[in-house]
Amino acid sequence: MTGEASTPLLKVENLLVAFGRAKAVDGISFDVAPGEMLGLVGESGCGKSTTALALMRLLRDAEIGGTAHLNGVELLGLDEAAMRARRGADVAMIFQDPGTALHPMIRVGDQIVEALTAHLNISRREARKRAIDLLRKVGIAAPEERFSVYPHEMSGGMCQRVVIAMAMACAPRLLLADEPTTALDVTVQAQILELLQGLVREEGMGVILITHDLGVVAGMTDRVAVMYAGAIVEMAATEELFATPLHPYTHGLLRSIPQLDSGWDEPVPTIPGSVQGAELQTGCRFAPRCAKASDACRTPPALREIGENHFVSCWNTP
Amino acid sequence: MTEMLIEAKGLARHYLVGRHRVLRALDGVDLGVARGATLGLVGESGSGKSTLGRTLVGLQKPSLGQVLFEGKDTATPEPSFMARLRRERQIIFQDPSGALNPRMTIGATVMEHLRVQGWSRADAQSQAAAAIEQAGLATSFLSRYPHEISGGQRQRAVIARAISTDPAFIVADEPVSALDVSIRAQIMNLLHQLQRERGLTMLFISHDLSVVAHMCSDVAVMHLGRIVERAPRAALFKTPRHPYTGALLSAIPIPDPVRERQRMRIILKGEVPNPANKPSGCSFHTRCPRATELCHRVDPPLRSIGTEHQIACHHPLE
Ligand SMILES: Nc1ncnc2c1ncn2[C@@H]1O[C@H](COP(=O)(O)OP(=O)(O)OP(=O)(O)O)[C@@H](O)[C@H]1O
Ligand SMILES: Nc1ncnc2c1ncn2[C@@H]1O[C@H](COP(=O)(O)OP(=O)(O)OP(=O)(O)O)[C@@H](O)[C@H]1O
Ligand SMILES: [Mg+2]
Ligand SMILES: [Mg+2]
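Going down the list, the protein sequences come from chains A and B.
If you read the first sequence in our numbering, its first letter stands for residue 1, the second for the next number, and so on.
If you read the second sequence in our numbering, its first letter stands for residue 1001, the second for the next number, and so on.
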């Protein structure tokens, strides 16, 4: 969907993930170019993490369909041994929940060393040196000392930075960053995002940035895909999406950002209703919450291109 | 004088790192929260916010100093006061999945919490259902396990548990950072409603300053185990006086790609101080653009400037 000249780093076609009868991801297609950062946003439970976990092949008890080519290699069809060799080296993930991503009984430094030696042919001593260097890069003070602490001895934001260091350890081609900075204060967040941006610009790493922070999306990403109830409902270049959002859900999303200068105790605008049961909807899944819904919405709208590289699935946009 | 529901006096919490080094996660904190108020707590990752929260609700013992509840020392309470303290002080943990037992359903988790506080089986059951609905989830979620629901849904389950005992004081440690903007707005509105209807008192820890601006009447800023600034919301956001607060506010991402990519951040340069080996004088001086020789030598105490504004700085911003 981006320019035909650049071959995508990642090309996802018709990705489907079902847990039993519930389709958490329902046939989504998108791609990521080398050196591109794609933002993935949308309501809690809409399938963002599931999409990333499916690409990492880390979902058990799920039925998965579609294809995902990373540098031409189809990930979803690889056997476990082949996938293990790629995980961490070609595609790495920063997990949403740093608490569960770290082993509670292993010192944090050793966990990074583990990630390094799994894919790189280096000595433990060299790995230790690099691990300390990574800890310093993510802004951990006194990294030599912090190398040998356990996760519970670190703050929430420090654990998150260890998880980031692990994901970056082997310089993956594609990084799936699932809420990578939610536990960080804004100054440390700025520092981490700058680090990621450096890898994107200098190494051509591709990134899928999953986040609820639309300020981070605004500052970092090249394009944004908006998900609702398992489907991509809008996709466009970042400036374009913020300037002219077309899908009613995207409108609602942008409106519910709390503003710094809004009054205390003033209710924040929300999108009325809830996403629950949307996967059972026969027509447009957003229709029950949509102010613009009409008869046409009983038929599910497909994602179509309106304007250059601006895709939307809604019957009621021009 | 308004009555303080909960108060920290000279609170310190020390951790042993390695064999001999002492890390002062809290280093003399004086802080009160008036009944019915919501105090925001912001600050650098690792500055001691969660430690302060855990100590205020009695999950950790202070190394030095006291926690007062309704003016009474909580260190050696008589049995009836102890039971009240357990019911009246609750915490919403920073890490939603670490806070839930993976082998228990959401319903069992909330029920167990209530049963420990002496609720009968039948009452606990209906109370758990009420709490889960108040947190914005359908009661069908009571029978789900934590891994079967999304990150945002887990966070709401944690909120349901905390509000189920109808507490007077809640420490909310990053309660909305895992939520998308729309559900975040719903949870913020819910917490506001609890404030209004039940007179709930809160310590609200968050890295998201627009959320803090919205939720809190007062804001305290922490840096390396100390409170370095405290002021009413409007004063803190409009005229921050501590240079650390200034840097923090300058780094808030703006959800507008055009403005976000043009604005100026105050970037903190210099060594991140090691909390186990704090610099002499002011703990911010290694990175402070205004630091002078005085700041290297003398640690500035928290002092009042104006009626409700306090800072710990030799050279405050104008
Ligand atoms: N192992 C599982 N079994 C059953 N349902 C699941 C499982 N994992 C996820 N789901 C469901 O799939 C849907 C998508 O979940 P997912 O974690 O991908 O959401 P998300 O977009 O990442 O949300 P959040 O922003 O809250 O992290 C949710 O409705 C969730 O309840
Ligand atoms: N059990 C522990 N043992 C040793 N050190 C600890 C322990 N718990 C916390 N610390 C240290 O205490 C300091 C303060 O941690 P705390 O979790 O209170 O920070 P925080 O302000 O909540 O940070 P964040 O914003 O990242 O969550 C950190 O340096 C941390 O490493
Ligand atoms: Mg998720
Ligand atoms: Mg914390």
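Hints are computed from structural coordinates only; laboratory data are not their basis.
Remember, it's a predicted structure, so these values are computed and weren't measured experimentally.
Hints may contain errors.
So, partial list: chain B residues that the calculated Cβ filter (under 10 Å) puts toward chain A [stated by the list, open to error]:
#1 Ala1075
#2 Glu1078
#3 Pro1102
#4 Glu1148
#5 Arg1184
#6 Met1188
#7 Arg1198
#8 Gly1199
#9 Ala1251
#10 Leu1268
#11 Leu1294
#12 Gly1306
#13 Thr1307
#14 Glu1308
#15 Glu1318
Covered stretches of chain A (chain B as the covering partner; in silico rule of three or more C-beta atoms under 8 Å from a C-beta of chain B) [unchecked claim]:
#16 118-129
#17 151-158
#18 233-242
#19 252-259
#20 267-274
#21 283-297
Here are the simulated DSBU-like cross-link-like pairs (lysine-lysine), alpha carbons at most 35 Å apart as the crow flies [said to hold, decoys possible]:
#22 Lys137(A) to Lys1269(B)
#23 Lys1009(B) to Lys129(A)
#24 Lys1009(B) to Lys1061(B)
#25 Lys1072(B) to Lys137(A)
#26 Lys1269(B) to Lys129(A)
#27 Lys11(A) to Lys292(A)
#28 Lys1072(B) to Lys1278(B)
Positions of the beta carbon are idealized from the N, C-alpha and C atoms, including for glycine.
Evaluated hints:
Because the closest C-beta pair between Ala1075(B) and chain A is about 24 Å apart, greater than 10 Å, the hint is violated. A least Cβ separation of about 32 Å between Glu1078(B) and chain A goes past the 10 Å threshold, and the interface hint is therefore violated. For the restraint placing Pro1102(B) at the interface with chain A, the shortest Cβ-Cβ distance is roughly 9 Å, inside the 10 Å limit, so the hint holds. The criterion of a C-beta within 10 Å of any C-beta in chain A is met by Glu1148(B), whose closest approach is roughly 8 Å, and the hint holds.
About 7 Å separates the beta-carbon of Arg1184(B) from the nearest beta-carbon of chain A, less than 10 Å, and the hint is met. This hint holds: Met1188(B) has a C-beta 6 Å from the nearest C-beta of chain A, less than the 10 Å allowed. Because the smallest distance between the Cβ of Arg1198(B) and any Cβ of chain A comes to about 15 Å, over 10 Å, the interface hint for this residue is violated. With its C-beta approaching chain A no nearer than about 14 Å, Gly1199(B) sits outside the 10 Å limit, and its interface hint is violated.
Because the smallest distance between the Cβ of Ala1251(B) and any Cβ of chain A comes to about 4 Å, under 10 Å, the interface hint for this residue holds. Because the beta carbon of Leu1268(B) sits about 6 Å from the nearest beta carbon in chain A, less than 10 Å, this interface hint is met. The restraint placing Leu1294(B) at the interface with chain A is violated, with a minimum CB-CB distance near 24 Å, outside the 10 Å limit. Taken as an interface hint, Gly1306(B) does not check out: its beta carbon lies about 19 Å from the nearest beta carbon of chain A, beyond 10 Å.
With a cut of 10 Å, the hint placing Thr1307(B) at the interface with chain A is violated, because the nearest CB-to-CB distance is about 19 Å. For Glu1308(B), the interface hint is violated, the least distance from its beta-carbon to any beta-carbon of chain A being 15 Å, above 10 Å. Contact between Glu1318(B) and chain A, as hinted, is not supported at the beta carbon level, the nearest pair being about 21 Å apart and thus beyond 10 Å. Remark: the stretch 118-129 of chain A is not confirmed as covered by chain B, as 0 of its residues place a Cβ nearer than 8 Å to a Cβ of that chain, below the required three.
Counting residues of the stretch 151-158 of chain A whose beta carbon lies closer than 8 Å to any beta carbon of chain B gives 6, which meets the minimum of three for the stated coverage. By the rule of at least three residues with a Cβ nearer than 8 Å to a Cβ of chain B, the coverage given for the stretch 233-242 of chain A holds, with 3 such residues. Chain B is given as covering the stretch 252-259 of chain A, and this holds because 7 residues of the stretch bring a CB closer than 8 Å to a CB of that chain, at least three being needed. Here the stretch 267-274 of chain A counts 6 residues with a CB under 8 Å from a CB of chain B, which clears the bar of 3, and the coverage holds.
Here's how the stretch 283-297 of chain A fares: 0 of its residues keep a CB closer than 8 Å to some CB of chain B, so the rule of at least three is not met and the hint is violated. For the proposed pair Lys137(A) and Lys1269(B), the alpha carbon gap of about 13 Å is at most 35 Å, so the pair holds. For the hint linking Lys1009(B) to Lys129(A), the alpha-carbon distance of about 42 Å lies beyond 35 Å, and the restraint is violated. With a CA separation close to 13 Å, the supplied pair Lys1009(B) and Lys1061(B) stays within the 35 Å bound.
Between Lys1072(B) and Lys137(A) the CA atoms are separated by roughly 45 Å; this puts the pair beyond 35 Å, and the hint is violated. For the hint linking Lys1269(B) to Lys129(A), the alpha-carbon distance of about 23 Å falls within 35 Å, and the restraint holds. Using a Cα cut-off of 35 Å, the hinted pair Lys11(A) and Lys292(A) holds, with the two alpha carbons roughly 33 Å apart. A C-alpha spacing of about 33 Å is found between Lys1072(B) and Lys1278(B), which places the hinted pair at or below 35 Å, so the restraint holds.
Hints 1, 2, 7, 8, 11, 12, 13, 14, 15, 16, 21, 23, 25 from the list above are not met by this structure, while the remaining hints are.
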